[in-house]
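Protein chains in written order, with our numbering: chain A, 63 to 654; chain B, 63 to 654.
Certain hints may be false.
Computed footprint of chain A on chain B, listed as stretches where at least three residues anywhere in the stretch have a Cβ under 8 Å from a Cβ of chain A [to be verified]:
hint, segment
1, 493–502
2, 615–626
Anything over 12 Å on all C-beta distances counts as not near chain B; from chain A, calculated [claimed, not checked]:
hint, residue
3, D78
4, E79
5, G256
6, A283
Worth flagging that the hints you see were computed from the coordinates, not collected in a lab.
Just so it is clear, CB atoms sit at the ideal spot from N, CA and C, and this is done for glycine as well.
Number of protein chains: 2
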Amino acid sequence: MPIYKAPLRDMRFILDEVFNASAVWSSLPALAEHVDRDVVDAILEEAAKFNENVVFPLNRSGDEEGAKFDNGVVTTPAGFKEAFAQYGEGGWIGLGADPRWGGQGMPKMVTVMTEEIIFGANPSFALYPLLGIGAALAMSQHASDELNDRYLPKIYSGEWSGTMCLTEPHAGTDLGIIRSKAEPQADGSYAVTGTKIFITGGEHDLSSNIIHLVLAKLPDAPAGSKGISLFLVPKFLVNEDGSVGERNGVSCGSIEHKMGIKASSTCVMNFDGARGWLVGQVNEGLAAMFVMMNYERLSMGLQGIGASEVAYQNAVAYARDRIQGRSATGVKQPEKAADAIIVHPDVRRMLLSVRAHNEAGRCFAMYVSKYLDLAKYSEDAGIKAAASDRVALMTPVAKAFLTDKALEACIDAQQVFGGHGFIREWGMEQLVRDTRISQIYEGTNGVQAMDLIGRKLVRNKGAYAQSYLAEVRALVAATEGNAALAGYAAATGKAADSIEAAIQWVITAAAGNADEVNAAAVDFLHAFGFLAYAHMWLLMAQASVAQADDFHADKLKVANFFFARLLPQLDSRLASLRAGSDSLMAMDAASF
Amino acid sequence: MPIYKAPLRDMRFILDEVFNASAVWSSLPALAEHVDRDVVDAILEEAAKFNENVVFPLNRSGDEEGAKFDNGVVTTPAGFKEAFAQYGEGGWIGLGADPRWGGQGMPKMVTVMTEEIIFGANPSFALYPLLGIGAALAMSQHASDELNDRYLPKIYSGEWSGTMCLTEPHAGTDLGIIRSKAEPQADGSYAVTGTKIFITGGEHDLSSNIIHLVLAKLPDAPAGSKGISLFLVPKFLVNEDGSVGERNGVSCGSIEHKMGIKASSTCVMNFDGARGWLVGQVNEGLAAMFVMMNYERLSMGLQGIGASEVAYQNAVAYARDRIQGRSATGVKQPEKAADAIIVHPDVRRMLLSVRAHNEAGRCFAMYVSKYLDLAKYSEDAGIKAAASDRVALMTPVAKAFLTDKALEACIDAQQVFGGHGFIREWGMEQLVRDTRISQIYEGTNGVQAMDLIGRKLVRNKGAYAQSYLAEVRALVAATEGNAALAGYAAATGKAADSIEAAIQWVITAAAGNADEVNAAAVDFLHAFGFLAYAHMWLLMAQASVAQADDFHADKLKVANFFFARLLPQLDSRLASLRAGSDSLMAMDAASF
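Looking at chain A on its own, in the form it has when it is part of the complex (with noise of 0.2 Å):
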């Protein structure tokens, strides 16, 4: 069976040693009173026990029980309604929401490590409280005061839950199209018909209602994305009292059979003049549920982070266990018939590359987090713009590459199981398979290059990069010096380099042809990922690079392995970007 600890100590350095997060929190006085670094680690030491010893055992018979459909009721495996149940009386759920709804009130920069280690005990339970998470947000931003009320506090106690419903069969990363329809009706609600598919938790037997978050269209609504409003639609209608009432107008019709996160139900849901309440305003409802997406975005580079950490993990103890053959330089244990494979240095490989990129992606969310805390917190408009630029230029980077190389590591971790990795006792090969959704949902990696590569970049002249760039050189000059960083720094100073002439090529060739944008996107955000793991690796390698113990000490030799046998990807993703949208776009559609 599958092992996981949460990865405490490296959270610590992270926050403490890389970001020092106890002097962003007293910069910014809506946390200062309330963010306690000692509050933040029991919070720490009980998430690890309450994920590692509730949540992780019921990964595997999830797993294999799977989410249950029968006539419109939707059961899930066995434990999932106990641990449900106790995560929303220990208050994780309304963790980082508003006080003023009953949450915890804690920044980005630790929910983000709670989150990790939920989606790396058991992803499928870790969506049904996060997606109520996110509708909760987008709601506390967008609904009225008495929607809120209503429904926030019931959300963060776990006692209901939420979903958000936009894809349409023939809708998903267009939903302008979508066909969903609301009618004003004359008590100010609306009649909401339509069928929305891929609803992650649409039903389920967690919590005694279920709140959607849906996108419709008025019946004079222009046509395309500026015609789509958002409206909350809850399973069962709520009394006056906040009492549960009436079934309201939606039902599931079926959920999927997947490739992974069996456990979690994913929904069709028909909507049949269920009564709805508008969200934000009329014909807005994108941008509103935006701030739901770009929540879930970063916490998918999570869910690839926690899985990827438990796939290192098990790894790693395999590698130390299973004897296979003799090292190339000799026996290292006589006593026994073979050594252990991690004597060779390609299981070696597969392991630092697994740990290099598990660190630097952790490290990555938690800078990304810091700029949410920042744009949300911070009282200097200045560093307010500044802090949402970066977020904005960040999130897809945190969604995608985050993801694609936590399916590679997944897939190495496995691989360092030999035949073993293929059995499903293992555990190894549910990690790839429930892993393989982060880099779909949510916006598919593709897309999240595109957002990158085409709005942040192209569309404003490269100006969050510029600033980005600006930072990453500052940090390169702020190490001028330490003999000890010089080799990170100019790798990373050549990395800004490259990342910048890439950036200036694509706005040229855009210019002269539309297509070059979408043909240059997965490169550039992959290279630019690149870019984005050497500056955290410089920056743990900072953090390390005067302390004398062996956690230190590794941190720089993972670094070591990162910039000689990692980072040379970045070139030959840049050479395949310059080579242009030619070869693409030769072809007629007929012959492929």
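Fit chain B to the known structure of chain A by using the hints.
The following block gives chain B in isolation, referenced to the frame of chain A:
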């Protein structure tokens, strides 16, 4: 439901236009008489028909149903038994076998195509006959006439089937430490005792007998891999008249629950004093088994190509049909609410990556097959020896590079489907799950890489590679003056130079540190694979450049894509390689 059409047009192109197979066959007296191009065409048509109509429809149902185990009895999914009987009756199992035992004597250049087709249609099904073919091949070269006359005709007819029993719970890659024992008996037979795991087709209901080839040690055998012998152990003993007699002491203890190829039974086999007969010489069992292993290794590459061909066909169909968003260069389908997603450069990038790898991989498998045929059938000792060397060099590439690229291809194709790619009914996720094993079994891809760089290059100072590089450079020279090929030729020549330099680097580094070989292995194999694919694309372009039709024009377009957007990865692989083993070996095993 997924679709599959055997890629006969592309196969004929490779067979006739790239490799001029008829000329190869007519140069080999053992083939010249009976291998007729028209007969081969009829075989291809029939293989396509049978696999598309009988075998492929069982692929999804087989995955859903799986192989079932009950108290030692294994039941294959509905339809498998009938299809296997038809397959045997059709002569497919003996297609490449010696006519002396009922085979049709077709060269590998023919069976390479029919194998790809059956793997594309249904990899779980394909494994049942494949293991028998491999076992029969090892027997035909090492077993006594008496054993061969008794067993081979019934394996080739499909009446019986075969397995290879190598792995034990503690011994996979390292077969030197196996514990299975064989005690000589007074009648010249042996009593075989031990437990084997991961035995594909170890037990099933498709044939009236199952013939196991089992690695075991004699009581006085030397330690390690030099003390291993090979035994034939039938499930049922065979009477003097050839009929099936009493049950032998071999039984299936359980079957594995796996990520994929669920309709293929993967068995724990218990041998309890089972009667067996020696195949080949005492203590030379590994050498005899390697005949079979090498055959299987090319087959695993074909499993990869078969799967990624299916992935390609389905992803293209989806990308032409699914409308979502608009082309960046202007609306392409104004009559619809959106354009088909094949207008987007990034979707084309994924499709072309799959296609460029598939077509190069298919061409490469034929290239290796040509040398397999020359090695087997040539009467010229020089040609025979040179061909054997080329096969030795290329077998690990054909296994590992083709399957690594196949998994990438299946993942890319799945990504084209967005959320639907994750849903079982579309079949794309099964392709990923089924293809994953091809990177693991028959020697993991890491072991293949070590075979390539260690045994095939460093140990003989690069001699095999020098001969191959000379062949590549001769082709480059032969295309001189053809402007349409100049770009491809220059890039291929440059790739050859890079590989040559890398080999020298590894040989030099390995002289100082034995760990450098394994540290370089996987990056080298991938770089070498890219050279081999560049070589194949240059060959295919050479065969296409003078032709005016769409088929050949499209070949050049895919070649353009390969050289422009995929080949750059060769350089980053070699940059990683040159970083050497230091960053891999610096960390203590305990620090991982």
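Against the structure shown, which of the earlier numbered hints fail to hold, in ascending order?
-> Checked against the structure, no hint fails, so every one of them is satisfied.
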